[in-house]
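**Q** Make the full structure from the sequences, and use the hints.
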Amino acid sequence: MDGLVCIVTGANSMTGIGRASAYAFAKQNAKAVYVTDLHDNNLASLAKDIKETTGVDCIPMAADASSDDDINAVIDAALAAYGRLDVFFANAGVAGIHPYLTQTKEAFLTMMSTNAWSVFAAVKYASLAMEKTSEEKPVSGGSIIATSSVGGVRSGGGPMSYSASKAAVINICQTAAWRLHGKNIRVNAICPGLIKTEMTDIVFDIIKDHKDMETALMKTTALERYGKPEEVAALVTFLAGPGGSYITGQDIKVDGGICAAVPYSPFFGET
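Remember, this note's numbering sits 90 above the position in the sequence shown when you count from 1.
Warning: the hint list may mix true and false statements.
[To be verified] Distance ranges between label pairs, derived from CB positions:
{"id": "1", "residue 1": "Lys-195", "residue 2": "Leu-169", "range": "44 to 52 Å"}
{"id": "2", "residue 1": "Gly-272", "residue 2": "Pro-189", "range": "39 to 47 Å"}
{"id": "3", "residue 1": "Thr-305", "residue 2": "Asn-274", "range": "41 to 49 Å"}
{"id": "4", "residue 1": "Ala-167", "residue 2": "Ala-306", "range": "43 to 51 Å"}
{"id": "5", "residue 1": "Pro-332", "residue 2": "Thr-194", "range": "44 to 52 Å"}
{"id": "6", "residue 1": "Glu-142", "residue 2": "Thr-194", "range": "41 to 49 Å"}
{"id": "7", "residue 1": "Ile-187", "residue 2": "Asp-299", "range": "12 to 20 Å"}
{"id": "8", "residue 1": "Asn-274", "residue 2": "Lys-309", "range": "41 to 49 Å"}
{"id": "9", "residue 1": "Gly-347", "residue 2": "Asp-299", "range": "49 to 57 Å"}
{"id": "10", "residue 1": "Ala-312", "residue 2": "Asp-159", "range": "39 to 47 Å"}
{"id": "11", "residue 1": "Asn-261", "residue 2": "Glu-226", "range": "42 to 50 Å"}
[Said to hold, decoys possible] The calculated BS3-like cross-link candidates involving lysine-lysine, where the alpha carbons are at most 30 Å apart (straight line), are:
{"id": "12", "residue 1": "Lys-301", "residue 2": "Lys-286"}
{"id": "13", "residue 1": "Lys-222", "residue 2": "Lys-286"}
{"id": "14", "residue 1": "Lys-117", "residue 2": "Lys-318"}
{"id": "15", "residue 1": "Lys-301", "residue 2": "Lys-318"}
It should be emphasised that the hints constitute simulated quantities derived from the structure, not laboratory data.
C-beta: ideal position from N, C-alpha, C; glycine also.
**A** Below is the structure:
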C-alpha cells in the first residue's frame, strides 16, 4: 500500500474492525490514514499511536458516515493535503436487538441510513475523488470496501432491519462495481461473521456464565470459534492493496464458515 491515501469510517471503537484496519493500512506503509467516527473520543490517541509506531500520517476527524457533508469534508481534507484518495473503507455501522413487531419506522430508517446510505455516499463521493489524477497519480483508480455482514447474506444472521441494511450494502457494492466500469475503481463488500468487538459484546456478555450457550454459539461456525478484528482487517488490507487488483463487485465472507452451513442461531434473531 505504498503511497496510498486511505479513509476509514467507524474507527473509534477500541476493539473494532475499523481500528484494526487503520493499523493494518499503516503497517503496509500507506501514505496517510484518515480515521473517522461519529464518536471521536478515541480517535486522537489512535492517530498518535499509529504515527509513533509506524511513522505513517494518521489524521483523526469526527464525522457522521451517513452525512454527505461530513463525508465530503473528510474527502476534501485528504485531497487538499495529499492530492489524492486511493482507499475508502466504509466500515461505520450499527446493530442491536430490534424485534420487528416493535420496531418503529423511524428506527428502521435510522438503521438503513447508518448502515446502507453511508455506503452509497462513500461510493458516490469517494469514486469522484479517486478519478482525480495528478503527476503523482497519473491514472484514475482506487478501492472502496464496505462492511456488510453474514446477516446480509443469510436470513438467520441478524434481526430483520439489520439484515436488510446489510443486504443493501452488498447490492450497492455489486451495482457500483459495474457503474464504475472503466474507471479502475474496485468496489467490494466484506461479510464478517461472529467477530469479537465492542458491537458484539452484548452477545458475549449473555453467554459468559453459560458454558452450554457458548458451546452452542461456537458450533454455528465451522471453525468453532469467534473471529478477531485483525482477521477481518487482513482481508480489508488485501482488497485495498495490489493483491486485490482484479477483485470487484464481490461480497466476501470472513465468517469462520457460518454461511457454508447456513445454521440458524437464536443469538442473531429477533429476541
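**Q** Next, verify each hint and record whether it holds.
**A** Verification of the supplied hints:
no. : hint                             : result
1   : Lys-195 with Leu-169: 44 to 52 Å : violated, 37 Å
2   : Gly-272 with Pro-189: 39 to 47 Å : holds, 45 Å
3   : Thr-305 with Asn-274: 41 to 49 Å : holds, 47 Å
4   : Ala-167 with Ala-306: 43 to 51 Å : holds, 47 Å
5   : Pro-332 with Thr-194: 44 to 52 Å : holds, 46 Å
6   : Glu-142 with Thr-194: 41 to 49 Å : holds, 45 Å
7   : Ile-187 with Asp-299: 12 to 20 Å : holds, 19 Å
8   : Asn-274 with Lys-309: 41 to 49 Å : holds, 43 Å
9   : Gly-347 with Asp-299: 49 to 57 Å : violated, 26 Å
10  : Ala-312 with Asp-159: 39 to 47 Å : holds, 43 Å
11  : Asn-261 with Glu-226: 42 to 50 Å : violated, 34 Å
12  : Lys-301 with Lys-286             : holds, 17 Å
13  : Lys-222 with Lys-286             : violated, 37 Å
14  : Lys-117 with Lys-318             : holds, 17 Å
15  : Lys-301 with Lys-318             : holds, 20 Å
In this structure, the hints that do not hold are numbers 1, 9, 11 and 13, in rising order.
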